[in-house]
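Q: Chains as they are written, first to last, in our numbering: chain G, 1 to 244; chain R, 1001 to 1255.
Derived by calculation from the structure, the hints in this document are not laboratory data.
By construction, the Cβ of each residue, glycine as well, lies at the ideal position given by its N, Cα and C atoms.
Hints may be right or wrong, so weigh each one.
To be verified - Label-pair ranges, simulated between beta-carbon atoms:
id: 1; chain 1: G; residue 1: Asn-40; chain 2: R; residue 2: Phe-1157; range: 22 to 28 Å
id: 2; chain 1: R; residue 1: Met-1017; chain 2: G; residue 2: Glu-12; range: 46 to 52 Å
id: 3; chain 1: R; residue 1: Ala-1235; chain 2: G; residue 2: Gly-23; range: 33 to 39 Å
id: 4; chain 1: G; residue 1: Glu-61; chain 2: R; residue 2: Leu-1084; range: 23 to 29 Å
id: 5; chain 1: G; residue 1: Asp-166; chain 2: R; residue 2: Ala-1235; range: 44 to 50 Å
id: 6; chain 1: R; residue 1: Ala-1246; chain 2: G; residue 2: Gly-23; range: 40 to 46 Å
id: 7; chain 1: G; residue 1: Glu-12; chain 2: R; residue 2: Trp-1216; range: 57 to 63 Å
id: 8; chain 1: R; residue 1: Gly-1238; chain 2: G; residue 2: Ser-136; range: 22 to 28 Å
id: 9; chain 1: R; residue 1: Glu-1026; chain 2: G; residue 2: Tyr-86; range: 35 to 41 Å
id: 10; chain 1: G; residue 1: Asn-40; chain 2: R; residue 2: Phe-1021; range: 42 to 48 Å
id: 11; chain 1: G; residue 1: Gly-23; chain 2: R; residue 2: Val-1006; range: 47 to 53 Å
id: 12; chain 1: G; residue 1: Asp-166; chain 2: R; residue 2: Gly-1238; range: 40 to 46 Å
id: 13; chain 1: R; residue 1: Ala-1224; chain 2: G; residue 2: Asp-75; range: 34 to 40 Å
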Amino acid sequence: MPEPRVALDGVEMSFDGVRALDGFSFAAGAGEIVGLLGPNGAGKTTALHILLGFLKPTKGEVRVLGMSPFERRYDVYARVNFTSAYVQLPFNLTVERNLRIFAELYNVPEPEKKISALVERLGLGALRKAKTGALSSGEQTRLNLAKSLLNDPEVIFLDEPTASLDPDIADRVRELLKAERKERGVTMVYTSHNMAEVEALCDRVIFLNKGRKIAEGTPAEIRAKFGQETLEGVFLKVSREGAE
Amino acid sequence: MVARYVVLHFRSPARVMDLFFWPLMELLVWGFFTVYLQRSLGGTPTLLSSLLFAMVFWDILYRAQQSVSLAFMEEMWTRNILNLLISPLRTWEWVASAYLYGLLKTMIVAAFLMAAAVGLYALDPGSLGLLFVPFFVNLLLMGWALGLVTAGLLIRFGHAAEAIIWGVPFLIQPFSAVFYPLSVYPAWLKPLCLLLPSTLVMEGMRAAILENAMPWNQLGGAFAMNLIYLALASALYGWLLEEGRATGRVVRLTA
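Excised from the complex, chain R in its bound form (with noise of 0.2 Å):
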């Protein structure tokens, strides 16, 4: 199922285009924008190298997630998905294979997009050093539970929710402190900030190039929180898998 995965990826332009083209497009306007902070406001090297590495790591989150989802996406757009549900592929199968998919996926974007900032803007990789493996692994853990939610949604209400896939990762960008620290939310917004691992991600990448911390409440905050997450998220695309085997709505699915 990997294999089929990455071979469908690679034979679809648009695809590879998600792998390439639309992460260095982002990176770009990040980049400039933080090349206009250095030059116009006198922004430090680290706050510049600490908002191109959250860009970095929003696209990491962002990918992961639409992995997941697209790989169950791509089943119902080429309406072959009962031809995988009446096979013996068992469901923890399917999910482990959208997620070593995923996983895929996101290593050659992140490793694309550091290229490219290394190249284009001079990003030290060595500020973060091995301390981007665990954020990468966080980030990673939250974009598939994010992802098997939406394709539990698209389960449930089919094609009508093709646009969670892209907005899903939106509607949580505003809470994650992706681009500024948890010290601007105002006090009643926090709590529900710290509700989410990429927030603790964020923030402990800032301590990390910022104050030369060492972020292990962050990250075993994230880590934490992911698997409980991961957790609620098989149970919930579980459950609406078995609910729309049951009531006839995975084979409208199809239609």
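If we strip away everything but chain G, and leave its shape as in the complex, we get (with noise of 0.2 Å):
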């Protein structure tokens, strides 16, 4: 059986005495979208910090492609690549220059022919020219997915990357990240509140409630565990009787 790409085993994380992650285990394979699900509070993005090496876990043991993303930071960091909500790149800087640094960044071969399909593939491609804060939210969020699938990584790490998307685009976007999976199997690892699009993009799901994982399966079996239509409603009967 091929190693996983991502894998935690047993990771507990406290902070300040309270515990964000209890002895948490999951793994990724090739080509694989895992969910992460959970009300606020629950650990999946504390999970996301840890698997990027941004936070050291009190217990267990965290691979990224094999390697210890503490010890091996820099050979995991050329070879993945991460996407959030609530990151951006500089304002100042237009379309195509903050492209271009991160490409030299990631030492992408052939920076200029990258940059031009993947803009063109986000529906960027009339905007090279423009400055980043010109653009709108939806249309940052598209350029700092370009900026996250650069280097062709191995893996990709994404915080709520449809945050402030229209339907129209996210739907686009989901089918380049669809699209990314199919032709260079590239394993992500997922958070995100919009259950229908987690749904319709991602292979398995795990939910996690205070620090725990409280289940694991595809969307339809978790459905099934919680006797819910969807995966909303699992979501709001987690977060409303804290099921564990």
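Hints are included, so try docking the two chains, each in its own frame, into the full complex.
A: Here it is, written out as structure tokens:
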């Protein structure tokens, strides 16, 4: 069995005595899209940050592409990428320049060709010379996505990537992510509050509550387990009844 | 990264003012003060030159510190810091780019101020000659070290520490013998003042202008101290960045 691309094993994380993750384990293989779901404070963003090497767990093992993101940080970072609705690129620079800089940081071969292909795919072709600060929030989100695909990553961490997109663009983004998975077998770890999107995109969903994994399976399996018709129903049940 | 900082700088009117407008305002204040001293109190031309050089030197230190701090701060303001931290960009590469950006910015400010001082107040650049270069290097190194410490404190304390960027140079200015000699300080304070490379640079500059002396001791002492301080600042910055990564503090910088 091939080694998973992303794995957390028995991870515990506490902040000021409050346990944000409590023995959390999961793994994702090549080409898999895994959604981390749960109410605010469930621990999904903490898990993402641990995988990114931004938080050192108090206990447990973290592997990304078979390596520790804490011990072999730059080997990992060259082969993964990240996008978040809460992270931006400098507003004073144009779309093209922002992408060009990150293409250089990632040592992308033929950066011009790569940038052209990405901006066209993400509907940013006409905005190449526009300043990032002049873009709408949806356009900025797409620019962040373009940045996250520059280095043809083997793993992408997506923190609510479609948070500010209109339904049409959000759908195009989902299609793009699916295409990336199909063409290159990219692994994606995904957090979102858009349950319909998670259902449409993720192969597997992990529900977290109070730092613990309370359910794992396909969206259909999760719905069945909680006796709900939609993932949104599951989310509401977990949030309001505090299922553990 | 250096090209990026340069483009970011010149796209921002506020940053361009850092290069020309604010240094010019400072020069005008001290320039007119020296004119007043000369006309009313009979200051000697060499004393007046030393005051103008002191002003230029202080600005070199100040801009060098700010460049390094602001290079980091810029990433916090634009919420780009996580993008950089998960890229293959090494910490030393990031710091080196901030240093080079600082060097470029400081050279522009120094050249502009010297040209303005010569044009407006007839400052004789030959009164220091090539000694200007080692003085400049020492102030640049000290500015880099201070900037790195400030950047480290920003990682540790986040946006709450932003005021430090502007305040740190003014914490050391009173003890750097910038506009007056070391001899005016009380005896107990002098040893502390001498722990600042800036004090040795200013004393060396005055010795060169007022006494025509070659300030090798001051230059050598300042250089040695700067190497130690730069090493300590690098270690502190590296430790605070690693600690910020491990505790998730760097993530909160984007909030």
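Q: If a hint holds in the structure, say so; if it doesn't, say that too.
A: Okay, the hints, checked on the actual structure:
Distance hint for Asn-40/G and Phe-1157/R: a CB-CB separation of about 26 Å, consistent with the stated range 22 to 28 Å. Range check, Met-1017/R to Glu-12/G: about 50 Å between beta-carbon atoms, so the 46 to 52 Å window is met. For the pair Ala-1235/R and Gly-23/G, the supplied restraint of 33 to 39 Å holds, since their beta-carbon distance comes to about 36 Å. A C-beta distance of roughly 27 Å is found between Glu-61/G and Leu-1084/R, which places it inside the suggested range of 23 to 29 Å.
Distance hint for Asp-166/G and Ala-1235/R: a CB-CB separation of about 49 Å, consistent with the stated range 44 to 50 Å. For Ala-1246/R and Gly-23/G, the hinted distance range of 40 to 46 Å is not satisfied, since their beta carbons lie about 20 Å from each other. Between Glu-12/G and Trp-1216/R the Cβ separation comes to about 59 Å, which falls inside the hinted range of 57 to 63 Å. Separation of Gly-1238/R from Ser-136/G is about 39 Å and departs from the stated range, judged on CB atoms against 22 to 28 Å.
In this structure the hint that Glu-1026/R and Tyr-86/G lie 35 to 41 Å apart at CB holds, the actual value being about 39 Å. Between Asn-40/G and Phe-1021/R, the C-beta spacing of about 46 Å keeps the proposed range 42 to 48 Å intact. In this structure the supplied range 47 to 53 Å holds for Gly-23/G paired with Val-1006/R, their Cβ-Cβ distance being about 49 Å. Range check, Asp-166/G to Gly-1238/R: Cβ separation about 44 Å, and the 40 to 46 Å hint holds.
The hinted window of 34 to 40 Å between Ala-1224/R and Asp-75/G holds, with their beta carbons roughly 38 Å apart.
When the structure is compared with the earlier hints, violations turn up for hints 6, 8 and for no others.
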